[in-house]
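A.B. asks: Residues per chain, in single letters:
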Amino acid sequence: MKTLVNFFPDLFQAEVEETLKRIQSHKGVIGTMVVNAEGIPIRTTLDNSTTVQYAGLLHQLTMKAKSTVRDIDPQNDLTFLRIRSKKHEIMVAPDKEYLLIVIQNPCE
Amino acid sequence: MLPASSKMPHKQPPPPRKQSISMGRGARKRDEDSGTEVGEGTDEWVQSKATVKPPDQLDLTDAELKEEFTRILTANNPHAPQNIVRYSFKEGTYKLIGFVDQLAVHFTQVGNLIPKDSDEGRRQHYRDELAASSQESAKVVISETEILEEEEEPKEVEAGSQTDVPIVEASEKMAEEELMTPKQPKERKLTNKFNFSERASQTFNNPLRDRECQMEPPPRTNFSATANQWEIYDAYMEELEKQEKTKEKEKTKTPVAKKMGKMAMRKMTSMESQSDDITKVTQAAKIVERMVNQNTYDDVAQDFKYYEDAADEYRDQEGTLLPLWKFQNDKAKRLAVTALCWNPKYNDLFAVGHGSYDFMKQSRGMLLLYSMKNPSFPEYIFSSESGIMCLDMHVDHPYLVVVGHYDGNVAIYNLKKPHSQPSFRSSAKSGKHTDPVWQVRWQKDDMDHNLNFFSVSSDGRIVSWTLVKSELVHTDVIKLKVEGSTTEGLEGLQIHTVGCGTAFDFHREIDYLFLVGTEEGKIYKCSKSYSSQFLDTYDAHNMAVDAVSWNPYHTKVFMSCSSDWTVKIWDHTIKTPMFIYDLNSAVGDVAWAPYSSTVFAAVTTNGKTHVFDLSINKYEAICNQPVVAKKKNKLTHVQFNPIHPIIIVGDDRGHVTCLKLSPNLRKMPKEKKGQEVQKGPAVEIAKLDKLLNLLPRTMTRYNGCGRASLRRQPQTAAKTLPRRAASVRSGIRTPEG
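One line per chain: the protein sequences are L and P, in this order. In terms of this note's numbering, the first sequence opens at residue 803 and continues consecutively. In terms of this note's numbering, the second sequence opens at residue 4 and continues consecutively.
In case anyone wonders, no lab produced these hints; they're calculated from the structure. Some clues are possibly wrong.
Unchecked claim - Here are some of the chain L residues that sit facing chain P, going by a computed Cβ distance under 7 Å:
id : residue
1  : Ile825
2  : Lys829
3  : Val836
4  : Pro876
5  : Phe882
6  : Asp897
7  : Val904
Said to hold, decoys possible - Some chain P residues flagged as far from chain L (calculated, every beta-carbon gap over 10 Å):
id : residue
8  : Tyr236
9  : Asp237
10 : Lys283
11 : Ile290
12 : Ser430
13 : Leu516
14 : Pro555
15 : Pro597
16 : Ser618
As the list claims (entries may be wrong) - Mimicking BS3-like on lysine-lysine, the simulated pairs with C-alpha atoms at most 27 Å apart in a straight line are:
id : chain 1 : residue 1 : chain 2 : residue 2
17 : P       : Lys578    : P       : Lys621
18 : L       : Lys888    : P       : Lys376
19 : L       : Lys823    : P       : Lys334
20 : P       : Lys621    : L       : Lys829
21 : L       : Lys888    : P       : Lys308
22 : P       : Lys447    : P       : Lys472
23 : L       : Lys898    : P       : Lys419
24 : L       : Lys868    : L       : Lys889
25 : L       : Lys898    : P       : Lys250
26 : L       : Lys823    : P       : Lys420
27 : L       : Lys898    : P       : Lys376
28 : L       : Lys823    : P       : Lys250
29 : L       : Lys898    : L       : Lys866
Think of the CB as a built atom: it goes at the ideal place given N, C-alpha and C, for glycine as much as any other residue.
Work out the full structure, taking the sequences as your base and the hints as a guide.
C.D. replies: So, in structure tokens, the structure goes:
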């Protein structure tokens with residue numbers, strides 16, 4: 803899906819940065835990271851080992867979830883994936899090339 | 004006695020007659036052999052010399068007996084017949100066979116020798132060689148010699164047998180063939196034993212060279228992919244897109260366009276390569292932000308979706324407003340909310356215009372678009388130099404937002420291109436207003452499919468703007484004139500005092516009909532086609548009319564509110580209002596509910612929101628609730644969401660609060676038993692009609708303190724304000740009243 807980002811990438815860079823900053827500073831958010839299509843983290847606010855772990859595991863899970871959704875109906879696509887655990891919630895938003903992972907503690 | 008006589012018979016020629024050998028002689032021979040042991044007893048034997056003749060013996064004379072017969076030994080087979088005759092079928096006679104086979108076989112034996120040339124012979128030879136080669140070389144030599152000897156022996160045998168052959172004539176029989184072995188080809192060269200000499204010469208061996216050529220192996224990569232249903236689908240979609248693109252390219256055949264296309268492509272690619280990868284995460288980031296917000300405001304979202312106040316059952320007919328989200332932005336902190344509008348297409352998106360109502364403190368303006376899915380940050384932000392006073396979103400093109408500014412300009416923002424600058428802007432040249440633009444409204448596209456909108460301003464002009472080829476062209480539709488305000492100026496010119504329009508609304512069905520509210524408190528009913536005359540005038544309020552609004556269902560009813568603390572409901576055919584409500588404080592805005600023809604909401608400067616339902620209670624509000632915390636916070640605008648049971652309320656601190664209407668506020672007509680619930684505009688119209696018909700000619704006045712008083716009020720004459728040109732043009736809009 804071609805959005806305006808593809809046509810005016812420079813203009814959007816600041817906006818994306820700002821958005822990510824906002825997410826990070828939102829209430830309850832523990833960490834955010836951006837992972838590329840191969841499962842290699844590009845940007846993160848957590849420490850290296852945790853990031854690598856999250857990236858690898860969640861990448862596989864997202865691919866599997868995406869494959870599941872699309873197998874059932876190829877016109878459908880995965881929008882996002884939420885994993886709620888006892889301690890916090892992991893939210894994954896897949897993109898064509900990237901994966902955005904946010905860990906939030908929803909209830910405080 | 005015997006020996007001498009016995010020897011005698013030996014010398015005698017043996018009688019040719021075989022049978023003449025008598026028994027005696029034989030006996031004598033025996034006797035002779037046995038020697039002298041016979042003794043005297045044998046006299047009887049010896050004496051019996053008399054020859055014994057067999058009875059059938061041939062009697063021959065002595066002469067015949069002495070006859071000599073010669074016998075010749077020949078090679079002929081004595082037993083072979085000499086006169087074989089065979090029948091010849093060709094000639095039909097018996098023929099004598101001249102040549103008779105003379106071969107007599109005396110002895111045959113099948114041998115076990117096999118010729119060396121035959122297959123079996125070669126195989127055996129080979130086997131022997133193998134067996135021999137496994138042993139030591141000396142033995143090999145020996146075995147070779149043995150072989151040679153063996154070969155020689157059969158040769159000798161051959162030689163021996165060969166001598167027999169010529170004796171027997173031509174045809175060879177099988178047995179002898181086996182004995183006879185033809186000469187085998189030898190391994191060793193047959194060398195001439197007499198003068199053979201070997202001569203060897205060495206040739207020059209060409210030096211062998213290894214020629215190698217090494218190349219780089221072709222680049223290899225491991226390719227692995229899964230072929231799922233969706234991957235196949237994706238591939239097909241890509242193909243489709245490519246095809247469509249090629250079709251489009253074919254359509255645009257101008258070379259200029261192509262150049263532009265190429266330039267754009269190049270720019271795009273270079274930009275893409277240079278830009279940081281992070282920009283591609285925009286979409287995902289947006290989604291995640293919404294998710295995070297949803298988590299944080301989870302309870303609010305749940306309330307919005309599902310909460311229905313159960314206490315409404317016990318509250319008689321009153322309802323409440325449940326506060327949901329609060330939208331605010333740092334940048335718009337100081338600015339009041341001057342306009343609110345829900346997006347017609349996306350029900351969670353609404354636009355907030357920020358500016359200032361204060362004449363003295365005019366600063367910049369902002370246009371923010373929020374989505375309910377993300378209460379913490381607006382989706383779109385636009386800033387402008389001058390405060391925004393009003394805005395409207397196009398129904399057919401929900402990305403077009405028209406705004407009116409305090410400085411009289413109008414601008415169109417295109418949400419598809421979220422730069423901060425508006426796409427189209429009016430200017431002093433293109434006929435901007437000279438006073439703040441209080442209201443703008445999109446109209447239907449004109450005949451040439453150009454976008455069209457109206458604006459009203461304090462300078463008394465109602466202007467129709469058309470977007471012709473990316474330029475705003477204006478047309479004055481009406482100039483508001485204060486009635487009876489013409490004065491004689493110099494040289495007999497008629498100077499009309501211009502009224503100030505502060506609000507307008509277009510009829511939903513009758514396209515040309517619209518209402519204009521003025522600062523003088525009058526409402527004019529106008530038509531787009533008549534530019535100089537009003538269709539009707541209503542003396543509505545004592546102060547400036549803040550808002551007018553047609554009823555969404557009933558074609559005749561409209562409503563107006565003003566800073567004189569009142570909200571009035573009219574039938575446009577009647578000059579006097581049908582309902583008047585006094586709300587104890589200047590009313591900032593009033594809005595009809597989209598789901599019912601009898602429900603409307605009003606906001607006042609004391610921070611309260613009033614919701615009325617005429618079908619339930621004609622005299623009082625069914626909900627009267629302070630919405631903002633601080634008392635100094637004045638509510639400026641209110642809007643109902645077209646789909647959801649929520650309203651948004653803007654105040655002069657720049658905050659927008661979203662409230663949910665409780666069930667009592669949304670009551671639909673009750674179903675009678677056995678009857679279907681009728682829904683639809685007709686029902687609403689009927690409902691309101693019923694109400695209107697019940698009205699006496701007198702007005703009912705509602706006092707905001709809770710006491711309803713029914714008073715007959717004389718028809719108020721048109722309250723004309725002093726015609727002060729200065730105040731008329733001042734453009735002050737103070738909510739304090």
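A.B. asks: Now tell me, hint by hint, if it's right for this structure.
C.D. replies: Verification of the hints:
Interface hint at Ile825/L: satisfied, since its Cβ lies 5 Å from the closest Cβ of chain P, which is below the 7 Å cut-off. The interface hint given for Lys829/L is met, as the beta carbon of that residue sits about 5 Å from the closest beta carbon of chain P, less than 7 Å. Interface restraint check: Val836/L against chain P, minimum CB-CB distance 6 Å, threshold 7 Å, status holds. Given hint, Pro876/L at the interface with chain P, holds; its Cβ is 3 Å from that chain's nearest Cβ, closer than 7 Å.
Hint status for Phe882/L relative to chain P: holds, with the closest Cβ pair at about 5 Å, below 7 Å. Hint status for Asp897/L relative to chain P: holds, with the closest Cβ pair at about 4 Å, below 7 Å. Annotation: Val904/L was flagged as interfacial toward chain P, and the flag holds, the nearest CB pair being 5 Å apart, inside 7 Å. For Tyr236/P, the shortest C-beta to C-beta distance to chain L comes to about 3 Å, within the 10 Å cut-off, and the non-interface label is violated.
Residue placement check: Asp237/P does not keep its beta carbon more than 10 Å from all beta carbons of chain L (closest about 8 Å). With 10 Å as the threshold on Cβ separation, the claim that Lys283/P sits away from chain L is violated: the shortest Cβ distance comes to roughly 6 Å. Distance to chain L contradicts Ile290/P as a non-interface residue, since its nearest Cβ pair spans about 4 Å, not more than 10 Å. Every beta carbon of chain L lies more than 10 Å from that of Ser430/P, the smallest distance being close to 26 Å; the non-interface claim holds.
The Cβ of Leu516/P lies farther than 10 Å from every Cβ of chain L, with a closest approach of about 40 Å, so its non-interface assignment holds. With a cut of 10 Å on Cβ distances, Pro555/P stays outside the contact zone with chain L, its closest approach being about 35 Å. With a cut of 10 Å on Cβ distances, Pro597/P stays outside the contact zone with chain L, its closest approach being about 30 Å. The Cβ of Ser618/P lies farther than 10 Å from every Cβ of chain L, with a closest approach of about 42 Å, so its non-interface assignment holds.
Under the criterion of a C-alpha separation no larger than 27 Å, the hint pairing Lys578/P with Lys621/P is consistent with the structure, at around 20 Å. Annotation: proposed proximity of Lys888/L to Lys376/P holds, straight-line Cα distance about 25 Å (limit 27 Å). Of the pairs offered as hints, the one joining Lys823/L and Lys334/P holds, with about 17 Å between alpha carbons and a cut-off of 27 Å not exceeded. At most 27 Å may separate the alpha-carbon atoms for a hinted pair to count; Lys621/P and Lys829/L exceed this at roughly 46 Å.
Distance hint between Lys888/L and Lys308/P is fulfilled; the C-alpha atoms sit about 25 Å from each other, no more than 27 Å. For the given pair, Lys447/P sits about 17 Å from Lys472/P by alpha-carbon distance, which is consistent with the 27 Å threshold. Of the pairs offered as hints, the one joining Lys898/L and Lys419/P holds, with about 22 Å between alpha carbons and a cut-off of 27 Å not exceeded. Our distance criterion of 27 Å between C-alpha atoms is met by Lys868/L and Lys889/L, whose separation comes to about 25 Å.
Among the hinted pairs, Lys898/L with Lys250/P is consistent with the structure: their alpha-carbon atoms are about 26 Å apart, no more than 27 Å. A distance of roughly 23 Å separates the Cα atoms of Lys823/L and Lys420/P; the hinted pair therefore holds under the 27 Å criterion. This hinted pair checks out: Lys898/L and Lys376/P have alpha carbons roughly 23 Å apart, not beyond 27 Å. With a C-alpha separation of about 42 Å, the suggested pairing of Lys823/L with Lys250/P is violated against the 27 Å cut-off.
A C-alpha spacing of about 15 Å is found between Lys898/L and Lys866/L, which places the hinted pair at or below 27 Å, so the restraint holds.
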